[in-house]
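Q: Under this note's numbering, residues 1 to 364 are what the sequence shown spells out, in order.
One should not assume that every hint holds.
Claimed, not checked - Listed below are the simulated BS3-like cross-link pairs for lysine-lysine, each with C-alpha atoms no more than 27 Å apart in a straight line:
#1 Lys321 / Lys283
#2 Lys160 / Lys76
#3 Lys290 / Lys321
#4 Lys76 / Lys48
#5 Lys78 / Lys160
Quick caveat, the hints were computed from the structure, so don't treat them as lab data.
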Amino acid sequence: MSSVLFHSLRVKAIQPDTAEAVVVSFEVPQELREVFGFTQGQYLTLRKEIEGQDLRRSYSICAGVDDGELRVGVRKVKGGVFSNWINEHLQPGDTVNVMAPQGRFFVPIEAESKRHHVGIAGGSGITPILSIMKTVLAREPASRFTLIYGNRSLRSTMFKEEIEDLKDRYMTRLVLHHVFSDEHTDAPINMGLMDRGKIEAFLGTVVPAAGIDHAYICGPFQMNDEAEAALLAAGVPEEGVHVERFGIAQPAAGAGQVGAVVHEAKPGDAEQARITIIRDGLKREIQFYKDQPSILDCASAAGLEVPFSCTSGVCGTCRAKVMEGDVRMERNFALDRHEVAAGFVLTCQAHPMTERVVLSFDER
């Protein structure tokens with residue numbers, strides 16, 4: 001089985017955006033233009049050896065489809081080795097291994113449509129929504145976009161100048177609502193946390209739920225859940241609510257490491273299983289034992305190069321389809337119910353429940 005295709009891309013530019021975030025642009029050679037063609041809302045998985053560790057992290061593309069550039073926004077994360085390295089050490093001219101764009105956080109563009117798209121972003125969650133917003137405004141000339149964007153303050157707001165430029169360009173089609181948790185504003189609706197009550201306040205006044213065709217949510221875990229609940233309760237159809245998750249719920253004090261998953265065998269798990277992995281049309285058989293953490297761990301231990309990034313059930317990079325057998329997931333923050341019903345699983349969270357399982361990474 002051949003190696004997962006990471007491509008070495010040269011850093012074209014690094015632009016400071018806030019005191020804690022930068023925008024990284026990559027040079028894409030002509031022969032890789034098709035490989036790195038992207039849909040609005042998708043992400044890149046970056047790979048680099050940092051302090052002796054082979055690390056992978058996923059970052060959303062913040063460019064519009066028509067920008068002619070491939071770039072991501074990266075905000076520092078407390079204790080985040082990769083994000084801090086990018087902000088503090090990465091330089092123009094350096095190379096980074098990058099996987100082709102992935103992700104399903106988008107709705108297909110319909111040039112003739114007259115739709116109302118709404119983005120609900122918190123902090124660095126603006127990155128994929130900015131890509132969606134720019135592309136919708138450029139390619140759906142009769143549609144409009146409303147952005148509700150929460151930050152601590154104007155100073156900490158990512159892409160504030162680019163968003164204001166978009167507002168100047170699309171004055172009648174783009175509406176902006178900033179919400180600041182640590183900064184006073186004249187309007188109470190623009191102050192406070194991006195919780196369910198805040199989203200309900202917007203839906204009940206300036207952004208009526210009845211007029212929303214598609215809503216895109218991306219931000220801290222709790223904000224995502226509460227915004228989604230508010231939209232559904234207000235009557236926005238489930239198929240019109242789209243959520244992209246960057247992280248998982250913070251544990252209570254003393255509960256252990258953030259993001260840690262204890263993979264324990266459960267009743268119904270197979271004692272052992274013969275698993276066939278399909279990728280790029282090639283098949284490889286591995287043996288799984290009940291005490292192994294996940295199918296992804298088993299595949300990696302067997303020397304298979306299969307796609308993954310976060311290993312926390314969030315990003316969806318390790319998504320595969322069960323072609324034969326039964327599998328359960330420890331947790332899932334990336335797949336919607338339709339994908340699960342169709343047989344897709346996150347291999348980093350997957351445990352076989354039958355002695356024979358066939359998984360394909362080629363099914364999309």
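Q: Which of the stated hints cannot be reconciled with the structure, identified by number in ascending sequence?
A: Structure breaks no hint.
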